[in-house]
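Could you put together the complete structure from these sequences and hints?
Chains as they are written, first to last, in the working numbering: chain D, 1 to 405; chain Y, 1 to 181.
These are computed hints drawn from the structure, not numbers from a lab.
Be a bit skeptical, because a hint or two may be false.
Rough simulated footprint, nothing fancy, chain Y against chain D, three-plus residues with beta-carbon under 8 Å [to be verified]: (1) 67-77; (2) 100-112; (3) 145-157; (4) 177-187; (5) 298-309.
For clarity, every value in this text was computed on a predicted model and none was experimentally measured.
Here a beta-carbon is modelled for each residue, glycine too, at the ideal position from N, C-alpha and C.
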Amino acid sequence: MSVLVWIEQSQGQPVASSLEVAGKARALADELGTTLAAVVMGAETADVAAAAQTYGVDTVYAVTDPVLAEYRLAPYAAALKQAITAAGATVVLTSATTRGREVIADVACELDAGLAPDAVDLRVEGGKLVAVRSVYSNNILADISFAGDVQFASVRPRSFPVPEAGAAGGTVETLDLGLSEDAIPAKVVEVKQSDSGEVSLTDAGIIVSGGRGVAADPEKGFQLVADLAKTLGAAVGASRAAVDAGYIPYKHQVGQTGKTVRPDLIAAGISGAIQHLAGMGGSKVIVAINKDPGAPIFEKANYGIVNDLFEVLPALNDEFKKRLEKNGRLRQLNRNAEGTVEHASLCPFFVLIPAPLMPTVERPARMDLSDFGAGNARLVEFARPRANGCAQARPCLPMRICCAN
Amino acid sequence: MGVGNASLIDNSGVAGDMWTTAAALAAAVKAQGDVDLVITGKQSVDDNSSAVFVGVAKKLGFPLLANVSKVVDIADGKITVERLVDGAQETVTAPLPAVVSVGKEINEPRYPSFMGIRKANRANIPVTPLADLGVTVAPQTSWTNVRKPEERKTEVVIIEGATAQEQAAKLADALLAEKVI
Numbered sequence: 001m002s003v004l005v006w007i008e009q010s011q012g013q014p015v016a017s018s019l020e021v022a023g024k025a026r027a028l029a030d031e032l033g034t035t036l037a038a039v040v041m042g043a044e045t046a047d048v049a050a051a052a053q054t055y056g057v058d059t060v061y062a063v064t065d066p067v068l069a070e071y072r073l074a075p076y077a078a079a080l081k082q083a084i085t086a087a088g089a090t091v092v093l094t095s096a097t098t099r100g101r102e103v104i105a106d107v108a109c110e111l112d113a114g115l116a117p118d119a120v121d122l123r124v125e126g127g128k129l130v131a132v133r134s135v136y137s138n139n140i141l142a143d144i145s146f147a148g149d150v151q152f153a154s155v156r157p158r159s160f161p162v163p164e165a166g167a168a169g170g171t172v173e174t175l176d177l178g179l180s181e182d183a184i185p186a187k188v189v190e191v192k193q194s195d196s197g198e199v200s201l202t203d204a205g206i207i208v209s210g211g212r213g214v215a216a217d218p219e220k221g222f223q224l225v226a227d228l229a230k231t232l233g234a235a236v237g238a239s240r241a242a243v244d245a246g247y248i249p250y251k252h253q254v255g256q257t258g259k260t261v262r263p264d265l266i267a268a269g270i271s272g273a274i275q276h277l278a279g280m281g282g283s284k285v286i287v288a289i290n291k292d293p294g295a296p297i298f299e300k301a302n303y304g305i306v307n308d309l310f311e312v313l314p315a316l317n318d319e320f321k322k323r324l325e326k327n328g329r330l331r332q333l334n335r336n337a338e339g340t341v342e343h344a345s346l347c348p349f350f351v352l353i354p355a356p357l358m359p360t361v362e363r364p365a366r367m368d369l370s371d372f373g374a375g376n377a378r379l380v381e382f383a384r385p386r387a388n389g390c391a392q393a394r395p396c397l398p399m400r401i402c403c404a405n
Numbered sequence: 001m002g003v004g005n006a007s008l009i010d011n012s013g014v015a016g017d018m019w020t021t022a023a024a025l026a027a028a029v030k031a032q033g034d035v036d037l038v039i040t041g042k043q044s045v046d047d048n049s050s051a052v053f054v055g056v057a058k059k060l061g062f063p064l065l066a067n068v069s070k071v072v073d074i075a076d077g078k079i080t081v082e083r084l085v086d087g088a089q090e091t092v093t094a095p096l097p098a099v100v101s102v103g104k105e106i107n108e109p110r111y112p113s114f115m116g117i118r119k120a121n122r123a124n125i126p127v128t129p130l131a132d133l134g135v136t137v138a139p140q141t142s143w144t145n146v147r148k149p150e151e152r153k154t155e156v157v158i159i160e161g162a163t164a165q166e167q168a169a170k171l172a173d174a175l176l177a178e179k180v181i
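If you want it as structure tokens, here you go:
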């Protein structure tokens, strides 16, 4: 018996939302009086396994195989299944990323076991897992309990805080996948990073979102939304109305059948139709900008500005730039040039500092970064330049991301 | 809309779970005989599980290509698609028969034609009770305490100001003070 978590990796580093799950899983394992196991998979797993060890995992199972170089359902599901057996897992958890949802469903179905997809909360009751799901466009919550001994759940990103990394502990065991390339039906022909330079909606700490209010000039409207998002290190969102009108691609849609978000949100020119509100139910602070003082979104918002977004957005961008620059906290967020910043969205403020200039510290030590205008900071993650991301304009140094909170 | 024929699985009165649904759909696909491609949606708006199509592929033993945004090519017993996965766009190929789940980007549905609507009204859609498909019903999960989430209670602070710049300045101060930004 144990609790098993798949810690996904992206460019050699753990994906933030899987660490959220690992943090919660540690608490569940303690409550169940059992151990916490993690599985890491890929063509290379040393870095992610080492990172996993700092989050209270008792045993990390590393499945390292060339067939895992690109994500494909069959070998990833086989690896998860192997880890379940090795760990004797009774509770199996993944983050509800596209991959996490697919892999866990495949294995749960194969084992004919119960699955709670996209759970928003987990707890232990009578020695078993109970998962809370948010369904019917977040209008209904339900407790899911499991009939069998092995219980599966994928967890909606940002349902739990990312745990603090501690000293490395536990052990790493390697598992041999033993799957030949010939046995895998799907072949990956090409992978394009589609959101390089953008913060992804599901991981974002802040979203700046646009709606039908941009209709007068959609292109300019969403440019203003994107400008403000860039200043704040935020993701760009959109209401369904804006997506349906073709102002912006579907991947930006927040709400019903789009993405459900839980961050703080600035909504510009969004009336607040039910499905968009459904997508932002978990948000802590909502700011509404709308010309119409009667727009329903004001009923859900914490702050409102009744004015034209075409005037307010650039003004907000100016004001934030002024203040953040003054505080030395302007986010230097150029993901393209500076590598992955998965963890950066967890920081209220952060700075990217080239590694050679960094004081040598062990995580999660705090350090004085006043030379960099960041004051006292905490090193959260290492970032590496993407192979294709070394722009000529910037030196291609390994970067350190520091939380300056 | 152009569908040649349809069949309806009647699961009324059956307390199953997502794997029951997947098994029923897989059995219905098998009953069609030689199927090359199974196309499903991305998730239902009500249950939002995104798991049924994974189960259908598993139970059929077909490869699954999920979140497909574009079918690039179908040739030589293979399908090539573009799919959207966590911030990346992949081009993937798999042998047929296969299951693909598609999102909103896949197509703009055409309008039903007048003749099509008339034809559809006369169409005979056979109904198969779930029991006839040989699906065992053994739900692995149960739902309890189904409830409305707590209402979000907020008191909106409307930021006043003579100009947008003034409003923006006040809002920026408020959000920084709240440590949102």
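Status of the hints after comparison with the structure:
no., hint, in the structure
1, 67-77, "holds (count 5)"
2, 100-112, "holds (count 8)"
3, 145-157, "holds (count 4)"
4, 177-187, "holds (count 3)"
5, 298-309, "holds (count 11)"
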